[in-house]
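Sequences are here, hints too, so could you generate the full structure?
Each protein sequence line maps, in turn, to chains A and B. Numbering that gives the first Met the number 0 puts the first residue of the first sequence at 0, with every later residue one more than the last. Numbering that gives the first Met the number 0 puts the first residue of the second sequence at 0, with every later residue one more than the last.
Everything labelled a hint here was simulated from the structure, so no lab data went into it. Errors might be hidden in some of the hints.
Derived EDC-like pairs (lysine to aspartate or glutamate); straight-line CA-CA distance at most 20 Å [said to hold, decoys possible]:
1) 128/B - 61/A
2) 128/B - 39/A
3) 128/B - 37/A
4) 34/A - 20/A
Only some residues are given here: those of chain B computed to face chain A with a beta carbon under 7 Å [said to hold, decoys possible]:
5) 78
6) 82
7) 93
8) 94
9) 99
10) 102
11) 105
12) 109
13) 118
14) 120
15) 122
16) 123
17) 124
18) 128
19) 131
Glycine residues also receive a C-beta, built at the ideal position from the N, C-alpha and C atoms.
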Amino acid sequence: MTDVPSSPVPYRVHYSQRVLDDLNLQIASTKDRIKLTELELAVGLLDYRLRIYPQFGQPLRDLNETPLQVWIGCIRPLVVHYILDEERKSVTVVRRIQVLQETKAR
Amino acid sequence: MEWQWIERSVEMMESMERHGEADRICEIDYEIQRLATVVADGIANLAVGPSVLPIVMAKVSMLAQQQVETGIESRDELSESRITKLTPEQLEAARHEFTDEEYLAEYRDVQQNGGVGVDELLLAIEKAKQQL
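See below:
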């Protein structure tokens, strides 16, 4: 049997409590099951992408006196701000997950 | 390779237990028993005796892994197709939306308190669905 090549080490992804609280606020008013299911799928895809290749987004800036960089990523219909720490291979989502009503950029 | 799969399965089960998803665990246990029955029936049909079980299991495991990886490729394509780039104007607006201090305060909070994982986000959505 041939050896299976080892997978790259995924980034660790954390979300701030504020992100969860804001998400709860956003979904509290949603009465559409299909929209919630769509959101569920999008959150799963976003997390997956952040784990395997967080550079899919666009860099916003370096954070002063740290090795950290702020990025913004959009996986329709979600937009997130996250902090990328290449040294620690970690991603921290620090600002609310914005749900776009319609795609304006492509 | 196998231990990684086992480790992931154990992590998944623990996470589900934490979220009180006992029903889901029973469902998975049932599905595993069903798969075991299918494999046992297949071996019986081959009339080759239980000594081939390790070989059969190795091959079943390999085929299942290939199919799971195909599924992962689909997920890759799905997330890829949804990636959207912001316009220069949107990017410039986002750049000034928060200060370094605001980003760092929240980052440090996550470092100190651990933050939450995607499981919590998905659970919140699942609860909202159940309440409809």
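Hint check results:
1. 128/B - 61/A: 38 Å, violated
2. 128/B - 39/A: Holds - the C-alpha atoms of residue 39/A and residue 128/B are around 10 Å apart, at most 20 Å.
3. 128/B - 37/A: 11 Å, holds
4. 34/A - 20/A: 19 Å, holds
5. 78: 4 Å, holds
6. 82: 5 Å, holds
7. 93: 5 Å, holds
8. 94: Holds: closest Cβ of chain A sits about 5 Å from residue 94/B, inside 7 Å.
9. 99: Constraint on residue 99/B satisfied, holds at 5 Å.
10. 102: At about 6 Å, which falls below the 7 Å cut-off, the nearest Cβ of chain A leaves the hint on residue 102/B intact, so it holds.
11. 105: 4 Å, holds
12. 109: Holds - the Cβ of residue 109/B comes within 7 Å of chain A, reaching about 5 Å at its closest.
13. 118: 9 Å, violated
14. 120: 5 Å, holds
15. 122: Violated - the Cβ of residue 122/B stays beyond 7 Å from chain A, reaching only about 10 Å at its closest.
16. 123: Check passed: Cβ of residue 123/B comes within 5 Å of chain A, closer than 7 Å.
17. 124: Holds, because the Cβ-Cβ distance from residue 124/B to chain A comes to roughly 5 Å (cut-off 7 Å).
18. 128: 5 Å, holds
19. 131: 5 Å, holds
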